[in-house]
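Asks: Chain residues, written in single-letter form:
Protein chains: 2
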Amino acid sequence: LLLYDSPVSGNCYKVRLLLAQLGREVERRELSVVDRSDRMVLGRLNPALRIPTMVLDDGRPLAESNAILWYFADGSEYVPQDPYERAKVLQWMFFEQCDHEPTIAAVRFWVAFAATPPPAEVIEARRAAGYRALDTLERGLGRSPFLVAGRYTIADIALYAYTHVAGEGGFSLERYPAIGEWLARVVAQPRHIAISD
Amino acid sequence: LLLYDSPVSGNCYKVRLLLAQLGREVERRELSVVDRSDRMVLGRLNPALRIPTMVLDDGRPLAESNAILWYFADGSEYVPQDPYERAKVLQWMFFEQCDHEPTIAAVRFWVAFAATPPPAEVIEARRAAGYRALDTLERGLGRSPFLVAGRYTIADIALYAYTHVAGEGGFSLERYPAIGEWLARVVAQPRHIAISD
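The listed protein sequences correspond, in order, to chains A and B.
When the count follows the working numbering, it moves up by one through the first sequence with no breaks and lands on 197 for the last residue.
When the count follows the working numbering, it moves up by one through the second sequence with no breaks and lands on 197 for the last residue.
Heads up, some of the hints might be wrong.
Chain A side only, calculated, beta carbon under 7 Å to chain B, not exhaustive [said to hold, decoys possible]:
#1 Glu64
#2 Trp70
#3 Ala87
#4 Cys98
#5 Arg139
#6 Ser144
#7 Pro145
For the record, the hints were derived by calculation from the structure and aren't laboratory data.
Glycine included, C-beta positions come from ideal geometry on N, C-alpha and C.
Chain A on its own, in the form it takes in the complex:
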């Protein structure tokens, strides 16, 4: 397995975390998330020219972090068998890409990594949208220990990736008790690795 990767990308971290928990080895090839001039190496592998992009053992490419999670986790303990629970896992992963990653990850990128961030009012508007995504996550967790079926799934991996580093974008999680307890539960899972590992 070959992963076109960035050590700071939450989307790439999702894939590394799942593979660690599945006990799968992966070779990492780093691309920058700031200087995107090297992205054409992905040309024939991923039409969106984004990372993570995975190359399977047989040479076939696969892209989009949450699609990669599904490919490797389906059939394992990290994806439920029940059709409704499977769809709920996907519901949370699509919410992540639609509402959560474009706000929380974007603000973190602008604040912590971007060479030329947008004006402060653009960042603040996006941060407000990020808080709305955190409100949704808090409501969705409710009193459940995990997002779907009461147990740890790739939905938790997908949402954990950028939530646990939201502070780097200036988000405060103090008003989100359910999120705080859930983050600790995710870290306590067997074979957990950190984004910096």
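Based on these hints, arrange chain B on the given structure of chain A.
Replies: Leaving out everything else, chain B in the frame of chain A:
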């Protein structure tokens, strides 16, 4: 089946199109995409308060258009059996929610429906990002008749929904021959319905 719906939302149209092709009846309950004050009716059904939100026959809720597509299509001709092809379907659907819908659907909404659209330079910047998403779609289609496995799947439904109305947001598809031929192939599928049906 009960669908919280909007007749102009491409995300809702995806669900109606698939259900029509599967021969499933659905009751539609319309919510506005402009005045969002009625969204709290979704409170216990969808923590993101978005449409489409589906209520299954047993009362259980399901949200996120592409998760709903997966739930109803898995096991039918519209989702492949092969694990790699299944992941490629998800790859395209996550691309749709990550890069395509936030640009092409957002610009269409601002131009055609919004009461208070953002400044023209914001719309133009987003339109440029939308053209990058169309570039990706054109590259991804290449010489294939459909996005995955050479046949019509829910990946095509997911990408068709906002691509075919991109003109309402001021996008020109003239420079995208592969997209143009693919749109015609999607319309030619059995039991196709229009967004206005």
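Asks: Ser144(A) was flagged as interface toward chain B. Is the shortest Cβ-Cβ separation under 7 Å?
Replies: violated (12 Å)
Asks: Report holds or violated for the interface hint on Pro145(A), using the least CB-CB distance to chain B and a cut-off of 7 Å.
Replies: Since chain B brings no Cβ nearer than about 16 Å to Pro145(A), farther than 7 Å, the hint is violated.
Asks: Using 7 Å as the Cβ threshold, decide whether Glu64(A) counts as touching chain B.
Replies: holds (4 Å)
Asks: Was the hint right that Arg139(A) lines chain B, CB cutoff 7 Å?
Replies: holds (4 Å)
Asks: Going by Cβ atoms only, is Ala87(A) closer than 7 Å to chain B?
Replies: holds (4 Å)
Asks: Taking the least C-beta to C-beta distance, is Cys98(A) closer than 7 Å to chain B?
Replies: holds (5 Å)
Asks: Does the nearest C-beta of chain B fall within a distance shorter than 7 Å of the C-beta of Trp70(A)?
Replies: With a minimum Cβ separation of about 5 Å from chain B (threshold 7 Å), the hint on Trp70(A) holds.
Hints 6, 7, counting from the list given before, are not met by this structure.
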